[in-house]
Amino acid sequence: MSSKVIISAVDEKNGALTFTLSNVNVSYANGLRRIILSEIPTLVIESYPYDKNNVVIHTNKSRLNNELLKQRLSSIPIHIDALEDFPYEEYILEINKANSTNTIIYVTSEDFKIKNIKTNKYLTQAEVGKIFPPDPISGDFIELLRLRPQIASNMDKEQLHLEAKFSISNAKNDGMFNVVSTCSYGNSLDSVKIKDAWDAKYLELEKKHSKEEIESIKKDWLILDSKRIFIQDSFDFIVETLGVYNNFKIVEIAASLLIKKLYSSLEKIKINMDFISLSEDTMENCYTITLENEDYTIGKILEYNFYNKYFLQSKTLNYVSFLKKHPHDTFSIIKCSYKTQITKEDILLNLEECVNAAILVINSIKEYFASK
Numbered sequence: 049m050s051s052k053v054i055i056s057a058v059d060e061k062n063g064a065l066t067f068t069l070s071n072v073n074v075s076y077a078n079g080l081r082r083i084i085l086s087e088i089p090t091l092v093i094e095s096y097p098y099d100k101n102n103v104v105i106h107t108n109k110s111r112l113n114n115e116l117l118k119q120r121l122s123s124i125p126i127h128i129d130a131l132e133d134f135p136y137e138e139y140i141l142e143i144n145k146a147n148s149t150n151t152i153i154y155v156t157s158e159d160f161k162i163k164n165i166k167t168n169k170y171l172t173q174a175e176v177g178k179i180f181p182p183d184p185i186s187g188d189f190i191e192l193l194r195l196r197p198q199i200a201s202n203m204d205k206e207q208l209h210l211e212a213k214f215s216i217s218n219a220k221n222d223g224m225f226n227v228v229s230t231c232s233y234g235n236s237l238d239s240v241k242i243k244d245a246w247d248a249k250y251l252e253l254e255k256k257h258s259k260e261e262i263e264s265i266k267k268d269w270l271i272l273d274s275k276r277i278f279i280q281d282s283f284d285f286i287v288e289t290l291g292v293y294n295n296f297k298i299v300e301i302a303a304s305l306l307i308k309k310l311y312s313s314l315e316k317i318k319i320n321m322d323f324i325s326l327s328e329d330t331m332e333n334c335y336t337i338t339l340e341n342e343d344y345t346i347g348k349i350l351e352y353n354f355y356n357k358y359f360l361q362s363k364t365l366n367y368v369s370f371l372k373k374h375p376h377d378t379f380s381i382i383k384c385s386y387k388t389q390i391t392k393e394d395i396l397l398n399l400e401e402c403v404n405a406a407i408l409v410i411n412s413i414k415e416y417f418a419s420k
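49 is the number of the first residue of the sequence shown in this note's numbering; add one for each residue after it.
It cannot be assumed that every hint is accurate.
[To be verified] Cross-link-like lysine-lysine pairs, in silico, DSS-like; alpha carbons within 25 Å at most:
(1) K178 <-> K372
(2) K243 <-> K213
(3) K255 <-> K145
(4) K267 <-> K318
(5) K220 <-> K241
(6) K145 <-> K308
(7) K205 <-> K220
(8) K316 <-> K169
(9) K256 <-> K266
(10) K259 <-> K241
(11) K259 <-> K61
These are calculated hints, taken from the structure and not from any lab test.
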């Protein structure tokens, strides 16, 4: 397989981006998906755990307890996509609203105020409205909580007064901080072969079944068996943003992060060659490459490149596999068994070639979406 990635059938409709990624191994598609779902950085309000809590509640006389309130606040997306251009450490979010009416009122994102703690000045309501915009369909702002009316003069008014700091996080730390509502891929179906396969099956069925029975069988076949007839190394993607980043930017950022993870893993091993170790195994010349703080996202990409370059092409490998023994482990491994004796330095060179080949593929994806 060449490093030339083919991106086709690009379409954005109703807020969802669809495209076909071809001429790449499934590990690249899965790596992109995993990054998009869990590692895209975004501006957030952290409220959990306690040592990371950035929400200070001065007054809460609503029916919601503080913990529920903080969770609801953290779940509201913050629409700032240029993180490097926004000095979030200099700003705080303020909410201060009381109900003095005889009806229920709502505290919504329209009531949010953002203050610069250095200048002690507030952003205009128009600027805040861009950061916490209303729903594009209904035009409503996000409801945080309800404040009930003061039904007697001797009762306290229901009130909420809080301040919150901003920080940067991602969905890997907390699912509230995701940036997409949908990110998925599947094999690109081969419509021509599917038609041919059904035509052949139809000739067999018409000898034994009625037209009504065949129609029912066809529906069942199209739902299940037809999905097994697909184009090799071709994947249909769908990405739907929550609105913080546009869909093209999300894929571009994901590709950048994937490249960064590959490069940083290689640099760690260059600095500390102990990450490459002789493995006690029944296979000869077997070595283990440890990937610190990494998992399937880049591990399967590297496994594929080792397999493609050194098992299929140069035929210097007997065996290669990726393994993460337990989800709680902070490391994963690539195990390689060579046909002849080899040094750690040579294995590092092999790894570097695999990383460079992977970066070449991912960078072509990044450049395509960056140009959109």
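Hints that the structure is at odds with (numbers, increasing): Violated hints (numbers, rising): 1, 2, 3, 4, 5, 6, 7, 8 and 11; every other hint is consistent with the structure.
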